[in-house]
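**Student:** Residue strings, one per chain:
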Amino acid sequence: MSDFSSAKVLHTLPWNSAYITSLAFIGNDQVAASNKNGDILIWNLAVPEGKTPEPVRRLTGHTNEINAILATPDSKTLISVSNDRTVKYWDATSDKGEPGSVLLNDGFLPKGVTEKVDKVPPPPPPIEVKVIVQKPIRDLTNHAEWVQGLAQTPDGKTLVTGDDQGVIIVWDLPAGKERRRWQATQWIASLGISPNGREVAASQHIPYRDKPGKESFLPEFHLWDVESGQSKLDLKKELGKDFPREAMSAVVYSRDGKWLASAHGKLQTEKNQGKILLLDPATGKKIRELAGHPVGTNDVAFHPDGKHLISCGRDQMIKIWNLEDGKLVRDFGKFADRGVWIGALSISPDGRRLAAADRAGQIVIYSLAV
Amino acid sequence: MGAREQLGIPFQQVTSMNQNLHQANHVSRRAMLKGTVVTAGGMAVANWGALFHSQTIAAEAKRSGKRCIMLYMEGGASQIDTFDMKPGRPTGGPFRPIKTNVDGIQICEYLPKMARHADKLAIIRSMRTKSVDHGIGGYHMHTCYPSSEKFPHAEIGAMIAKYCENPESDLPSFIKMGSPGCTAGSGYLGPNYEPFTLGTDGQLPGFVNPGVPLAVQDRRAELLKSFEERFAKQRPAEPFASHRESELRTIRLMRARKAFDVEDQWNKARDRYGNTPFGRGCFTALKLAEAGVPFVEIGQVGYDSHNDNFPVHKANLSVLDPAWSSLLQDLHDRGMLKDTLVVWTSEFGRTPAINGQGGRDHFGRAWTVVLAGGGIKGGQLYGASDRDGFEVAEKMVDEGAYFATIYKALGVNHRAKHYLGTRPIWATPEGSKPIEELLA
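Chains as they are written, first to last, in my numbering: chain A, 1 to 370; chain B, 371 to 810.
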């Protein structure tokens, strides 16, 4: 079994325009990143040794923050969801489009963040890069609020999305047609779909601070039956004291359907709330608890080897966990209680590369090869 | 051992008390209560209206008929995510502006109900304030003075209670609900104008529900009074007076508590106000204003969004929007809005730049407050921030001008002079002037 001891940084990709919200490998040699300005960039990672990859394509069309992206299993389509209330499909393979450019390091000087503006370091010099600008190939407007949740089945046939009105929509992915929808009680913070497409796990919460202390204001976490749109399992009841007071930042099924990972720390209201739970999707019972990231876990992904989970968090750390014993195998980064979060990660389909992005707008590509 | 021995009261004194009780049965309840207006320590209890109001203080009180309801966004609400949006700018964030019922005024999409009341609002987009942390900011925005002066300044609620209270009212004149944005209280105005604090949702504390009939309360009050008069003759110290005042307030609140009981009406109103503590607080404020309380502050907690500013503000605005808009509508429908100033404020605003945690931090250089109703000319924007919101671009408003405007709208002299001992102090600092363009 790999201990990832030889894992190392391959590339550091500067974007530094706004914080990066999501990452997705397209095949093993391309990575896409979305940001809060509504832009998506795609880099080719297959470059000669010693060269830093540059973005080759820019996907434009969203008019507000993109919350999540994913690439279909055949690597032909990229799908994104946004605060502009749309779900967009993009051709992940085409190199056709308008010639254009993107300015890296145009990050807005964070003047005024603390009012002690003299202490803010100057940004790095901007770099202009020529890219192909592409438009979406499909625009789904079935949601009426910010779309936060996005997941697909491994066979690429079913897509599920969830929004801030608590609406969950199950789609025929290839056709882009709505198959079913149902209404949850709170905003959908994160969701996952079981590999067989029969269940959706969705974390819900409205982050009121004016709480009356009633049960109805606590987050919800249900397993829903896709066919009926009914809740099959109330995970809040199953988890008891392990249930957090905020929504999960990520809910992910393992490829074999044996594990359901829920990452805590969607909003930072308490310390030591960033644990990761491994649940049995059939019963909702906790199988194992991982220490996670004490300031909050932002994202998790199962490694294709089926034996590891990788997480990133608000502590500026990336951690690799052994699923069988829950032990930490390897970590990257330097702990910071209030630093720049690592907000998103993605693992290449062959498991040999990891991409992680921080809120300052930088992407780091790691080699995970043994 | 008998009861009097257990209490350590000599038999002769008990007899004397009984005589006092007997005499009290022949005086009216009002007269009896008036008799307690000057405490044993010589302190009058002015804030609590007629029942304990001395003639002297009643003569001083100016019944303006004006009221103020202050909605205090505890933690610092973001101006860019509410009333001073910067669409398309790097500081803009994910919220989008919507039109209002006034041409040229746009506000956040998550304040859709308030958008229908923009004709009542004066939106000041050019606040520049000096105290940008919670304690000192809350103090400054409640008293008009920096806490660094180390002087017991009075909160705005105490000042308005002093000058706008109704001498005939049995209710307290300065009421707070929710998390306190400031604990300065009445300061140099003295304990008579200390705030009375309710639960977050406007519920009274349990001690005001005595569970005994009014007549029994009266007899107990008089018994207490006779005890204390005897006690105070030997101990005329000020601490005793404060203690006595607290007792009197409790007794009075027991009598006035029905004004706070809005349960039946709330059942009909909660769908409009939102079934939240803040929503109920706003509805209770309406009822208290209707009953004659001149100043009510309602706090909405949770705006201090150094992390995750946008989901937190989105959730908070979903609570604020129905409550505030329903309050304005109900005040308008009852013909009360022209005499009721509704203030929306915080201790400061939030930074235009969005930090690495998706948050906005404390910011006092260019932020927004909103005034509506009594004495204010609605449907206007006043001042402006620059295109990214970092600086005031037009018509800077400081704490002094903000307070002076509120005081003038309520008919209070913004340069009213008071004394702490021999030291003079004014309601607003020297040079503070009301903003005439905001006044109706």
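Please note: incorrect hints may appear among the correct ones.
As the list claims (entries may be wrong) - Okay, derived cross-link-like pairs now, DSBU-like style, lysine-lysine, Cα gap no bigger than 35 Å in a straight line: (1) B/K787 <-> B/K469; (2) A/K286 <-> A/K275; (3) A/K275 <-> A/K236; (4) B/K628 <-> A/K135; (5) A/K130 <-> B/K456; (6) B/K778 <-> A/K177; (7) B/K483 <-> A/K177; (8) A/K236 <-> B/K483; (9) B/K520 <-> B/K483; (10) B/K628 <-> A/K237; (11) B/K628 <-> A/K236; (12) A/K232 <-> A/K285; (13) A/K96 <-> A/K157; (14) A/K236 <-> A/K285; (15) B/K469 <-> A/K135.
What the hints assert, rightly or not - Stretches of chain B that chain A covers, calculated by requiring three or more beta carbons in the stretch to come under 8 Å of a beta carbon on chain A: (16) 634-644; (17) 686-696; (18) 710-716.
No lab work stands behind these hints: they were computed from the structure. Keep in mind that this is a model prediction, so the values were computed, not measured. Positions of the beta carbon are idealized from the N, C-alpha and C atoms, including for glycine.
**Student:** Determine for every hint whether it applies to the structure shown.
**Tutor:** Going through the hints against the structure:
Proximity of B/K787 to B/K469 is assessed by CA-CA distance (about 44 Å); at most 35 Å being required, the pair is judged violated. With a C-alpha separation of about 12 Å, the suggested pair A/K286 and A/K275 falls inside the 35 Å cut-off, and the hint holds. Straight-line distance between C-alpha atoms of A/K275 and A/K236 comes to about 16 Å, which keeps the hinted pair within the 35 Å bound. Distance check on the hinted pair: B/K628 and A/K135 sit about 64 Å apart at the alpha-carbon level, beyond 35 Å; violated.
The straight-line distance between the Cα atoms of A/K130 and B/K456 is roughly 29 Å, inside the 35 Å bound, and the hint therefore holds. A C-alpha spacing of about 61 Å is found between B/K778 and A/K177, which places the hinted pair above 35 Å, so the restraint is violated. This hinted pair checks out: B/K483 and A/K177 have alpha carbons roughly 34 Å apart, not beyond 35 Å. With a C-alpha separation of about 34 Å, the suggested pair A/K236 and B/K483 falls inside the 35 Å cut-off, and the hint holds.
A C-alpha spacing of about 42 Å is found between B/K520 and B/K483, which places the hinted pair above 35 Å, so the restraint is violated. Distance restraint check for B/K628 and A/K237: the Cα-Cα separation of roughly 40 Å exceeds the 35 Å cut-off, and the hinted pair is therefore not satisfied. Of the pairs offered as hints, the one joining B/K628 and A/K236 is violated, with about 40 Å between alpha carbons and a cut-off of 35 Å exceeded. For a cut-off of 35 Å, the pair hint linking A/K232 to A/K285 stands: about 14 Å separates their Cα positions.
Pair hint A/K96 plus A/K157 holds up; C-alpha atoms about 26 Å apart against a cutoff of 35 Å. Between A/K236 and A/K285 the CA atoms are separated by roughly 10 Å; this keeps the pair inside 35 Å, and the hint holds. A C-alpha spacing of about 29 Å is found between B/K469 and A/K135, which places the hinted pair at or below 35 Å, so the restraint holds. Under a criterion of three residues with beta carbons nearer than 8 Å to beta carbons of chain A, the stated coverage of the stretch 634-644 of chain B fails, only 0 such residues being counted.
Coverage of the stretch 686-696 of chain B by chain A holds in this model, with 3 residues showing a Cβ closer than 8 Å to a Cβ of that chain against a need of three. With 0 residues having a beta carbon nearer than 8 Å to a beta carbon of chain A, the stretch 710-716 of chain B misses the requirement of three or more and the stated coverage is violated.
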